[in-house]
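Student: Each chain, written out:
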Amino acid sequence: MIIRRAGAGELRWSDVTPKRDYLNRRRFLGAAAGAVLALGRAEAAGAKLSGYAKSKFSTDEKLTPYDAVTGYNNYYEFGTGKDEPAKYANTLKPQPWTVKIEGDAAKLGPLDFDRIMKLAPLEERIYRLRCVEAWSMVVPWIGIPLSALIQYAAPTAKAKFVAFETLYDTKQMPRSQWAGIPLPYVEGLRLDEAMHPLTILAVGLYGEVLPNQNGAPLRLVVPWKYGFKSIKSIVKIRFTDKQPPTTWNIANRGEYGFYSNVNPNVDHPRWSQAKERRIGEFFKRDTVLFNGYGDQVASLYSGMDLKKYY
Amino acid sequence: MKKFVSSRWTKAAVFLASLVPLAYMVWGAFNDGLGPNPIEYVTRETGDWTLRFLLLTLVVTPARKLLSLPDLIRYRRMLGLFAFFYGVLHFTTYIWFDRFFDWPDIVKDIAKRPFITVGFAGFLLMLPLALTSTAGWIRRLGGKRWQLLHRLIYLSTLAGVIHYYWLVKSDVRMPLLYGAILGVLLVFRVFAWARQRAHSSRAVMSPAPR
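These protein sequences, in sequence, are chains A and B.
Start counting the first sequence at 10; every next residue gets the next number (the working numbering).
Start counting the second sequence at 927; every next residue gets the next number (the working numbering).
If we strip away everything but chain A, and leave its shape as in the complex, we get (with noise of 0.2 Å):
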């Protein structure tokens, strides 16, 4: 596996000005105490990230509008209209967090948001998302390889997938109840797929701090499966030796499986797979396998029986 490392020359995450003397700086200026706070909530949703690399994972197709990126989304813990994400996820709290590492390795307990942010310098990957509902978009995600992240925990030999987990909480997601699937959110990948290069933890979209109904402040993107194992709001993380439940999966065996890569040869057992509809698009186009990522990550399963391993 090629790891890639930062050059000489090239700014990581970690030669950032710490924010508290970012802060300060302003101080020392005698800005006031307004633009102080101001600051103080940078990384509220909607803020500029900036500084990020771009990458060559990205794909060239026409990006999905913003409106539509942040306007259409599924995040039951807010409601299970398309819509509702985005008028009812402003009662979630992106900042302070953290996420809790356990299990199979070295570095256990609480990782906060910030520390996070520095293990890897900050990249754009523009990737085609393809949902299980048969529609897709193109979304601008800014972030890290999640692979920075499963390095520095350093997992240990016994270590073969890895289980996340979303926050869930009641009075945070009063709307919850109505999921109609088991909480909180869980999901999973082996951890040759967690530590693809393709795999990221998002951070942003177009440029911005990750908005809540996207599942601030950061989620798992992997492009080549379908959209629900793309975890939002991860809280845990946990490194294990058996392959861990997944939310879809409890609810719904036959239709949800633990893979769940994108293939229009294997239908829902409600729907057809073979096409899906690009938002902003009027005809429909067919599904590639692995959603386009193939090349990439064809060879995770050789051999597997993916009408099997759906």
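Careful, some of the hints might be misleading.
To be verified - Quick partial rundown of chain A residues pointing at chain B, CB under 8 Å, derived from the structure:
hint, residue
1, Asp92
2, Cys140
3, Trp144
4, Gln181
5, Pro183
6, Trp187
7, Gly189
8, Ile190
9, Pro193
10, Ala260
11, Arg279
12, Trp280
13, Ile288
Note that these hints are calculated values from the structure, not bench results.
Owing to the predicted nature of the structure, the values given are computational and were not obtained by experimental measurement.
By construction, the Cβ of each residue, glycine as well, lies at the ideal position given by its N, Cα and C atoms.
Here the structure of chain A is known, so what remains is to put chain B in place on it, guided by the hints.
Tutor: For chain B alone, kept in the frame of chain A given last:
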């Protein structure tokens, strides 16, 4: 109230009101008001309104009896035809904008996907009812037989509810609500039928006056 129900103007108003959902969608189509996935939106709306009009049609008979407003019958055919109208729009949206007239694919879809099979069945069941909705057909079939035929609406609505229930991923509140309303409307009919039977059998058993 009776006058209001019998008024020609009320009927015209109900007719126009029944077109509001369509007008809203047409307006939205030209004003970017259908959201990021307009075809999904239209499919859902037309389906929703088909089911709502079917239930409204089924409300007429209990409402006539409970409110002692027999003239409500004037609205039943119109509401039923609006159910069919939105059903046609729903089906058209599917074969046109979802399948783009790919007939082999449509046939396969209907045969293979239970929720589409049952939805299609519900739609087909509405067809004879729409066709025989005229006074001429009531005469030709005879009131009894016509009434028997038009009981198909129970099946059609039930098919619609099941179609909806099988289609949602996890949040079954809305299909259950529609199902509960249908349940109440059907239970009313069972009670009315049982009462009528008890009534008529008592009439038979009581000794004839000499």
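Student: Determine for every hint whether it applies to the structure shown.
Tutor: Taking the hints in turn, this is what the structure says about them:
no. : hint   : result
1   : Asp92  : holds (7 Å)
2   : Cys140 : violated (10 Å)
3   : Trp144 : holds (6 Å)
4   : Gln181 : violated (19 Å)
5   : Pro183 : violated (15 Å)
6   : Trp187 : holds (6 Å)
7   : Gly189 : holds (3 Å)
8   : Ile190 : holds (5 Å)
9   : Pro193 : violated (15 Å)
10  : Ala260 : holds (6 Å)
11  : Arg279 : holds (6 Å)
12  : Trp280 : holds (6 Å)
13  : Ile288 : holds (5 Å)
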